[in-house]
Amino acid sequence: MRVLLFGRLGDLAGWRERRIEPPAASLSALRRRLSEEDAALGDALVAPGVHAAVDKAVVRGDAALPPAAEIAFLPPMSGG
Amino acid sequence: MTVRLQTEPFDPGAELSAFCQDRRETGGVVSFTGLVRGEAGAVEMLELDAYPGFTDRAIAEEAEAAAARFALQDLLIIHRVGHIAPGEAVVFVACAAAHRREAFEGADFLMDYLKSRAPFWKKSHERGGARWIEPTARDYQDAARWDAPEEAR
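Note that the protein sequences, when read in sequence, are chains A and B.
Numbered by our numbering, the letters in the first sequence go through residues 1 to 80 in order.
Numbered by our numbering, the letters in the second sequence go through residues 1 to 153 in order.
Hints are supplied without guarantee of correctness; some may be wrong.
Using 20 Å as the maximum straight-line C-alpha spacing, the simulated EDC-like pairs for lysine to aspartate or glutamate come out as follows [unchecked claim]:
| no. | chain 1 | residue 1 | chain 2 | residue 2 |
| --- | --- | --- | --- | --- |
| 1 | B | Lys123 | A | Glu17 |
| 2 | A | Lys56 | A | Glu17 |
| 3 | A | Lys56 | B | Asp11 |
| 4 | A | Lys56 | B | Glu62 |
| 5 | A | Lys56 | B | Asp56 |
Beta-carbon label-pair distances, calculated as ranges [what the hints assert, rightly or not]:
| no. | chain 1 | residue 1 | chain 2 | residue 2 | range |
| --- | --- | --- | --- | --- | --- |
| 6 | B | Asp147 | A | Pro76 | 17 to 23 Å |
| 7 | B | Thr7 | A | Trp15 | 17 to 23 Å |
| 8 | A | Arg19 | B | Ala65 | 44 to 50 Å |
| 9 | B | Gln21 | A | Pro66 | 44 to 50 Å |
| 10 | A | Val46 | B | Ala98 | 45 to 51 Å |
Just so you know, these hints were derived from the structure itself, not from any lab.
We put the beta carbon where it would ideally sit given N, CA and C, even for glycine.
Between the sequences and the hints, there should be enough to build the whole structure, so can you do that?
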């Protein structure tokens, strides 16, 4: 699966896109795995106003993830 | 109806001329061009992050809603992404309608949406360093002008 970070999340993690293998089965499992590697990123992913999108659709709460999913973490949007 | 996100600079005058071509039933075209403000030399560069396939789709959905709400015949939105220097055009909106009021309101509505609610992430590279910025209170107030008033209970 592919994970994308936008805005300040990318700066914080030091990457903007990476593959996660083996794929995480759920959004919460993915957050947990990212948090184990990088606790600061883990905290930022659950901060107020940070949304997750699975295959370009925003999801609320937890969600099962298809193995080839694209998951994006979206900090508060700024407008252009 | 066209929504374009692009890293390359564009010429707002040429875009407006092209947009006005072959419109025999349009009474008015209103366009807005947003430039990057340099803040007296403090801002060196603006960096706009977008999610291709997500950001453009969200803008297109809002554009369709605006077209229906303001009876727009056509509209064009161009938004730069990536690095944009002060003085360069960062956003362009043009609305065509049978009558001017609809064209003015459509462009005003779309700009308020683009400035406050569109899925972009904006970083300002300044003399003292870089910072991510979020909409100002003014941007939110401007956008809220278009929301339906709450139903009286």
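Right, here's what the structure says about each hint:
1. The hinted pair formed by Lys123 of chain B and Glu17 of chain A meets the criterion: a straight-line CA distance of about 18 Å does not exceed 20 Å.
2. Note on Lys56 of chain A and Glu17 of chain A: the hinted pairing holds, with a Cα-Cα distance of about 14 Å set against a maximum of 20 Å.
3. At most 20 Å may separate the alpha-carbon atoms for a hinted pair to count; Lys56 of chain A and Asp11 of chain B exceed this at roughly 31 Å.
4. Annotation: proposed proximity of Lys56 of chain A to Glu62 of chain B holds, straight-line Cα distance about 16 Å (limit 20 Å).
5. Proposed proximity of Lys56 of chain A and Asp56 of chain B is supported: the alpha carbons are some 11 Å apart, at most 20 Å.
6. Hint check: Asp147 of chain B to Pro76 of chain A, Cβ distance near 19 Å, so the stated range 17 to 23 Å holds.
7. The hint said 17 to 23 Å for the Cβ distance between Thr7 of chain B and Trp15 of chain A, and at roughly 21 Å that hint holds.
8. Our hint of 44 to 50 Å for Arg19 of chain A and Ala65 of chain B is violated, since their Cβ atoms are close to 36 Å apart.
9. Checked against the hint of 44 to 50 Å, the C-beta distance between Gln21 of chain B and Pro66 of chain A comes to roughly 45 Å, which is consistent with it.
10. The beta-carbon spacing between Val46 of chain A and Ala98 of chain B, approximately 49 Å, falls within the hinted interval of 45 to 51 Å.
Hint compliance for this structure: hints 3 and 8 are not met, and every other hint is.
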